[in-house]
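The residues making up each chain are set out below.
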Amino acid sequence: MSEPAFDREWRLVDLLDTAACEKVAAALAQLLGGDLAIIDALGDPVCGSLHPAARREPLVLELEPIGYLGSATAGADALRAARDLLLALLRCQLRCTMAVALHQAAAAGDFVSLAREQTRLAEAEARCAWLSEELDDRVRKQVHELGERQQALYLADKLSSVGQLAAGMAHEINNPLAFVRSNFSTFERYLGQIAQLKTQLANAEVAWPALDLDFVLEDSRDLLHDSAQGLERIARIIGELKEFSNVDRAVEEFSDLNECLHQAAVIVEKQLPFGVAIRFRLLPLPGIICLPGHLKQLFFNVIGNAAQAIRDAGRPGEITLSSEVDGKNIVIRIQDDGVGMTAEQIEHAFEPFYTQRPVGSGIGLGLATARSVVLAHGGRIALDSRLGAGTTVTLFFPLPQ
Amino acid sequence: MSRILIVDDEESVLKALLRVLRLAPCSYGARIFTLEVHTFGSPFAALDAARDEEFDLFISDYRMPGMDGIEFLKAAKAIQPDAARLILSGYADLNALVRAVNEVGIARFIGKPWNDYDLMSAVAQALAHRELLLENRQLANLMRIDIGDATPQELEAERLERMEPGITAVNWGPDGSVILDPEFQAKDE
Numbered sequence: 001m002s003e004p005a006f007d008r009e010w011r012l013v014d015l016l017d018t019a020a021c022e023k024v025a026a027a028l029a030q031l032l033g034g035d036l037a038i039i040d041a042l043g044d045p046v047c048g049s050l051h052p053a054a055r056r057e058p059l060v061l062e063l064e065p066i067g068y069l070g071s072a073t074a075g076a077d078a079l080r081a082a083r084d085l086l087l088a089l090l091r092c093q094l095r096c097t098m099a100v101a102l103h104q105a106a107a108a109g110d111f112v113s114l115a116r117e118q119t120r121l122a123e124a125e126a127r128c129a130w131l132s133e134e135l136d137d138r139v140r141k142q143v144h145e146l147g148e149r150q151q152a153l154y155l156a157d158k159l160s161s162v163g164q165l166a167a168g169m170a171h172e173i174n175n176p177l178a179f180v181r182s183n184f185s186t187f188e189r190y191l192g193q194i195a196q197l198k199t200q201l202a203n204a205e206v207a208w209p210a211l212d213l214d215f216v217l218e219d220s221r222d223l224l225h226d227s228a229q230g231l232e233r234i235a236r237i238i239g240e241l242k243e244f245s246n247v248d249r250a251v252e253e254f255s256d257l258n259e260c261l262h263q264a265a266v267i268v269e270k271q272l273p274f275g276v277a278i279r280f281r282l283l284p285l286p287g288i289i290c291l292p293g294h295l296k297q298l299f300f301n302v303i304g305n306a307a308q309a310i311r312d313a314g315r316p317g318e319i320t321l322s323s324e325v326d327g328k329n330i331v332i333r334i335q336d337d338g339v340g341m342t343a344e345q346i347e348h349a350f351e352p353f354y355t356q357r358p359v360g361s362g363i364g365l366g367l368a369t370a371r372s373v374v375l376a377h378g379g380r381i382a383l384d385s386r387l388g389a390g391t392t393v394t395l396f397f398p399l400p401q
Numbered sequence: 001m002s003r004i005l006i007v008d009d010e011e012s013v014l015k016a017l018l019r020v021l022r023l024a025p026c027s028y029g030a031r032i033f034t035l036e037v038h039t040f041g042s043p044f045a046a047l048d049a050a051r052d053e054e055f056d057l058f059i060s061d062y063r064m065p066g067m068d069g070i071e072f073l074k075a076a077k078a079i080q081p082d083a084a085r086l087i088l089s090g091y092a093d094l095n096a097l098v099r100a101v102n103e104v105g106i107a108r109f110i111g112k113p114w115n116d117y118d119l120m121s122a123v124a125q126a127l128a129h130r131e132l133l134l135e136n137r138q139l140a141n142l143m144r145i146d147i148g149d150a151t152p153q154e155l156e157a158e159r160l161e162r163m164e165p166g167i168t169a170v171n172w173g174p175d176g177s178v179i180l181d182p183e184f185q186a187k188d189e
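Chains as they are written, first to last, in this note's numbering: chain A, 1 to 401; chain B, 1 to 189.
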């Protein structure tokens, strides 16, 4: 520490600077009526010059003299009195100086600790900045990772619904495929019968009825007609699937929501369990700019849930799809009279991965996806359900102002 | 002549099956079956027919409106337990298959689209199996008569009971009359 301690050994010059010293010396000299000099502890003159033969009196503040008062002319008693006067003055000055020094030391101490505190703060701040940068970095990384995972999960859920879709489609496609294939192999046999006629051309009149060719011709026509219709049906189903698979094309289009709803319903209808019917109550809607692919997926999920709820109830039921314009919104309702949901199920319904279905039938992203799609369109989704009575999902899509 | 009943809600499938069954030979080993095929578009109409006539084999689609193939075959089994049963379907989940085997005891599950040859051999096998079972029972009955376990009268009663459940039990009224229709008695009381 550069500041001297307040309780060090004080020297004479510390207490009386030269100017003050001269003033005091002049006053004392006047009182003594003779010459006067003040020297410090080492004998160096502070004020005035000491005559070699002069009488001197020590100035003792504590133990050691800090200087001497000397005079060649003054009497011994007068000099002692002058010394006592000077001592009283010095003591006063000492106290004052000590107080100042103490104050300075305290202030200096404060300043140093403040400076230390300041550097510590600066260090902490720098560390904080570094940490926050690193945190930012890590958060960014995690968000990215989460996004990737979510994508993967969406994909998994989509794959599982593709699986269900495929199962439903399998039946739809296999039926026509079955009779078309069988018909063709039958037709091959018929051709064999017709070919036999060639070997008996001379005897055609007899061979024709014997080979039952009237029936063969008649049935071939019927068979080909049936097969053509079967192929037509397969083509239509694949067309519908293709229409539906626009899901990945996240392109905004000007679309009629009724149409999206209808297309999704047609796909679900193919996989409906027995005794479940879909009823449409669609009112004309104005077209809006939307993502038709995503909306179709959304409707597919929600209608699929409704069908499942009726199947779970184990009784015949009906899904009602209704749409209307209500003030500033397009309102779409998907209503079923299936098992309904408990309060707990309703509470968790929109949470990702919440599912009441057995493992393998979906991972519980249906409604979570639905909500994010609706939110992306600036709309909202509402769920109303009573246990045993059924569920209504209401979707609101804002109309452009 | 083996009588076959087919139910499928799709007419084109029924027609295609008729063509196959009419043309393709149906044989199992040396045994050749001639087929008489009856087709129904609705399981309910088919059950009505099953109540009136005897069939050797029931073939049913799985997914039909109103009643699925397993329900239908279960009902048909209750009416004619000796007939063989097949399911012909484009798609069925594991649950359906388990029910078909456990509850109905189907002889074979044939997928759609079917292969004509597989279909014919499945039909022939089912018919042959059924014949074998019936023959076994008859031989066992003869044996039981031989060793005195059963009388021809008992066996005849058993046969009639099979044909018309309840026919061998006489419902006597309090006055010694025979009550043919218990519903009338219930009304009197």
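A few of these clues could be false.
[Unchecked claim] A few chain A residues that face chain B, going by a derived Cβ cut-off under 8 Å, partial list only:
hint : residue
1    : Asp226
2    : Gly230
3    : Thr392
4    : Thr394
[As the list claims (entries may be wrong)] Coverage of chain A stretches by chain B, computed from C-beta distances (three or more under 8 Å per stretch; other residues unrestricted):
hint : segment
5    : 30-41
6    : 171-179
7    : 182-196
[Unchecked claim] For lysine-lysine, the following DSBU-like pairs were computed, each having C-alpha atoms within a straight-line distance of at most 35 Å:
hint : chain 1 : residue 1 : chain 2 : residue 2
8    : B       : Lys77     : A       : Lys198
9    : B       : Lys77     : A       : Lys328
10   : B       : Lys74     : B       : Lys15
11   : A       : Lys23     : A       : Lys141
12   : A       : Lys242    : A       : Lys198
13   : B       : Lys77     : B       : Lys15
14   : B       : Lys74     : A       : Lys270
15   : A       : Lys242    : B       : Lys77
16   : B       : Lys74     : A       : Lys242
Simulated from the structure, these hints should not be mistaken for lab results.
Note that beta-carbon positions come from the ideal geometry of N, C-alpha and C, so glycine has one too.
Structure-based check of each hint:
This hint holds: A/Asp226 has a C-beta 5 Å from the nearest C-beta of chain B, less than the 8 Å allowed. Restraint check, A/Gly230 versus chain B: the minimum CB separation of about 6 Å is within 8 Å; hint holds. Here the hint on A/Thr392 is broken, as its CB sits about 26 Å from the closest CB of chain B, past 8 Å. A distance limit of 8 Å between C-beta atoms decides the matter here; for A/Thr394 the minimum to chain B is near 30 Å, and the interface restraint is violated.
Only residues whose C-beta sits within less than 8 Å of a C-beta in chain B count toward coverage, and the segment 30-41 of chain A has 0 of them, not enough to reach three; the restraint is violated. Proximity of the segment 171-179 of chain A to chain B, defined as three or more residues with a beta carbon under 8 Å from a beta carbon of that chain, is established by the 9 residues found. Remark: the segment 182-196 of chain A is confirmed as covered by chain B, as 5 of its residues place a Cβ nearer than 8 Å to a Cβ of that chain, reaching the required three. Simply put, B/Lys77 and A/Lys198 have alpha-carbon atoms about 49 Å apart, too far for the 35 Å limit, and the pair is violated.
Simply put, B/Lys77 and A/Lys328 have alpha-carbon atoms about 60 Å apart, too far for the 35 Å limit, and the pair is violated. For the proposed pair B/Lys74 and B/Lys15, the alpha carbon gap of about 25 Å is at most 35 Å, so the pair holds. For a cut-off of 35 Å, the pair hint linking A/Lys23 to A/Lys141 is broken: about 80 Å separates their Cα positions. The suggested pairing of A/Lys242 with A/Lys198 is violated, with an alpha-carbon distance near 47 Å, which exceeds 35 Å.
For the suggested pair B/Lys77 and B/Lys15, the alpha carbons sit about 25 Å apart, so the restraint of at most 35 Å is met. Among the hinted pairs, B/Lys74 with A/Lys270 is consistent with the structure: their alpha-carbon atoms are about 25 Å apart, no more than 35 Å. The straight-line distance between the Cα atoms of A/Lys242 and B/Lys77 is roughly 43 Å, outside the 35 Å bound, and the hint therefore fails. Under the criterion of a C-alpha separation no larger than 35 Å, the hint pairing B/Lys74 with A/Lys242 is inconsistent with the structure, at around 39 Å.
Checked against the numbered hints above, the structure breaks hints 3, 4, 5, 8, 9, 11, 12, 15, 16 and satisfies the rest.
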